[in-house]
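Visitor: Chains as they are written, first to last, in numbering that gives the first Met the number 0: chain A, 0 to 234; chain B, 0 to 257; chain C, 0 to 280.
Simulated from the structure, these hints should not be mistaken for laboratory data. The structure displayed is predicted, hence computed values, not measured ones. Zero decoy hints are in this set.
If the Cβ cut is set under 10 Å, some of the chain C residues that face chain B in the computed set are:
1) 140
2) 143
3) 148
4) 149
5) 156
6) 159
7) 160
8) 223
9) 225
Cβ atoms here follow ideal geometry from the backbone N, Cα and C, with glycine treated the same way.
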Amino acid sequence: MSDDLSTAMLRTESVDKSFVLHLRNGLSIPVLRHVGLSVHEGECLALTGPSGAGKSTLLRSLYGNYHVDSGRIWVRHEGTLVDIASASPRTIVRVRAGTLGYVSQFLRVVPRVATIDIVAEAARGLAPEAARARAEALLAQLNIPRRLHALPPATFSGGEQQRVNLARGFIGNHPVLLLDEPTASLDGENCDVVIDMILAAKRRNTAIVGIFHDARVRAAVADAIYPVSPLQDAA
Amino acid sequence: MSDDTLLSARGLTLRFGAVPALVDVDAELWPGEVLAVVGESGSGKTSLLNVLSGRCQPQSGVVWYRDPEGRLADVHAMPQPALRALHRSDWGFVHQNPRENLRMGVSAGGNVGERLMARGARHYGSIRAEAIAWLAQVEIDANRVDDLPSTFSGGMLQRLQIARTLVTHPRLVFMDEPTGGLDVSVQARLLDLIRSLVARLGIAAVLVTHDLAVARLLAHRIMVMQRGRVVEAGLTDQVLDDPQHAYTQLLVSSVLQA
Amino acid sequence: MNTGYNFAYLDEQTKRMVRRAILKAVAIPGHQVPFGSREMPLPYGWGTGGIQVTASIIGPADVLKVIDQGADDTTNAVSIRRFFARTAGVAPTTHTAEATVIQTRHRIPELPLREDQILVYQVPQPEPLARLEPSRAESRRMHALSDYGLMHVKLYEDITRYGHVSISHDYPVMVNGRYLMAPSPIPAFDNPKMHMMPALQLFGAGREKRLYAVPPYTEVRSLDFDDHPFRATRAPHTCGLCGATDSYLDEVVLDDRGGRLFVCSDTDHCETRREAGGARR
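Given these sequences and hints, build the entire structure.
Guide: Here you go:
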C-alpha cells in the first residue's frame, strides 16, 4: 500500500457492473469495467465522458445506490475502510449518515414539507435551531428568497429545486461528497455560488467526486479527472 | 442471531390449505431501523407481519425477540399473558384501519391513556397531561383531548392510533399499510410524521405496504415478496433503483408516475 | 310442615353442587364461578341466584333475615321470607343482630356484621365489564390476565365528562388485589362496608348462572384515581324518623305538593334507633 492510498478517502478496485434486464429476456448491458479510482481529503475528482457512458451509474455505485457485480469500493469511515460493494445494508446506512453524502440530479422529497425543514433535517450534529439557521444561510447563499422557505418545493422551478437539493446535500458537511451534475439547471450567477461552495468544502478537507457537464465549473473545482468510456453492448 | 438483533425469524412456513402464505422466510430487524415488506396481494407480506408479531402461528420456523434486558424469547412459545403484555408495552401495532385499534366511544385522551392505565397509572391529572403531550406529538390539537374519535377525520384517527400505540415507548412497531385507507392529500403529512417519529424515538418498525414510494420514504431496508417467498432484500434505495431479481424489476417498472 | 319439597326446596345433590361452587368462589375471592342454576318458582330478575345460594347453605338452626333495598317489609323480601318459611321452616327475623343468614337485594345493613353471619347478595349482572366490553370471551380473558385498563378508562371518561366518577350503584371494586368485581347494585355508599368484613359475603346471579364470594377479612377496594379518590356519598339529610346523620337514606314522597321525607333505607336500623330513643342524636 502506498502513501497515496493511506490518505485516500474513497478508492475503488476493479469495479465491474452490468445491468441485466429480466424484462428483456435477461439482456445484459455492461456499463462499468475494472474501474479503479481514488480521491483524497480536500481533493475533487471529476468523472468525464460522453452522455450515457456510465458516469452517473458509477457515482451511484459509489454511494451504494447501485449494486456492483465485482470489485471493491473503499470508503474511509471513522478511521476504518469500509467496502460499500459488499457491506451490509446497515453498514451502508451508517456510512451514509456519518461520512458519505450524495447530491442527486433531481430533488426527490416528501410532498408538502417546507423547504426550510427539508434542508434543516439533513444537518448533522446540530440542535434544531442551529440547523434551521444553517439551512437559512445556505438557502440564502443559493439565492432562494426567504418568502419561499416556508413553502414545499414541489412548485419551484427546476433551477430552484436543484438549489434546494444542493443546500440539502451540503448542509451535512460529509467528509466525502458525491455530486451528480450540480449545476445542470443553474444560471451563471448560481453556478458561481456552487463553485464557491465546492471550494469551501475542499478547504474543509472534504473529498469530492463529481460529474460536471459545464467545462468552466469543472476547470474551477476539479483537481483530477477520471474518464468513463462507454462499453460495447452485449449482443 | 447476532448480538444486537431485536427480532430474528428463521425458516417461517405457513400454508392455508394448499395456498402457501410463507415459504421458508427469514427476516431480521435491528433496533432503530425500519424494514419494509412489499409485494402484491397474495405475496405473504401480511402473513409475515402476523407471524412476526405473534398473531398467527407458523407451521414451522421460529421468531426470536430480544427484550430490553437482552433476553431472547421465542414469540410463539411465549405464554399468552406474556405476549399480550408485550403487545401493550414494548410492542405496538398500527392497523390500516384505525377504527380497529381505537375505542370510538372513548375520548381521545382516554384512548391514549388506556395503555398507561393498563400498566397501573392511577393519577388522572398526569394521565391526561401525558395524553395531551402525545396528541401534540402527532399534531392533534390539545383542545381535542376530550373529544370522541367519531368527530375525527380519517387522517386524525390514524394519528390518534399512532399516539395510542407510542404512549408506552415501544421499541418495535408493526405497521400494516398505515396510510393505506387515507386520502392522498393526507398521506404525505402522515408519512412525514411517521418518519420523524420513528427517527426521533429510535423505534424499530416492520412496515407492510404495497406502495413502493412509502417503502422508499420510510424504510432503511426492504424485502420483496412473491407468493410466500422473499425474492430480493437489501438497502431500500438500492433494491428500488437497481433491482436484481426479475420480479422486483417488474414491480418497480409498473409503478405509475404521477 | 310437609310440603312435598325437600328442605329449602332444592334437592341435596343440587345443594352440594352449589356448595362446591361456593367453595371454589371462596378460594378465589372475587372470581366468578359458573354454576348449574336451577329453575326456581320465581322468574329471573327476582333473586333466584340469591335464593339458590341461601337454600344451599341454610340449616334448620339458622335464623334468616331478608331485605330488599334495606327494608324487611317490601313485597320481594316478604315473598322470599315466606318461601323459606314454607320450604325450610327456619326462624325468620327482621333484626340484623339476630340473623345468621341475611339475604339482601341492593343494600348492606348499617349494623356491622359478625364472623358467625353470612351475607347473601342478589346479583343481576355479575360481570363488571359487561357494559364496556361486549365480547364475553374478551372479558373472561381480561379477568384471567388481570387486564383491567378498560375499567379505568371508564372512570377516566366520567371524570372528563362530569368532573367526578358518575357511578352511584354497583361501583366496581378490586377484591384481594386481584379480581375486579361487581358488588351488585348496592349504593357506592355501602362499598366501604365490604372491606375486611368479618362475615362471609356470597353473591348469586341466577339468570347469568354465576356466583362469587368475598371471604371474611378480605381487602375490597373501590376503584379510583390518586387525585380523585373514592368518596362514599349519601343524601345530606337527617333521617326524619330516627335522626341518624350517617345512614343511607331513602327519599319518600309524602304528598303531591312536593312534600318529602328522608328516612333510613335500613328499616331495622331505624327501628332499633327509635326504640333506643334515637332522637338523642
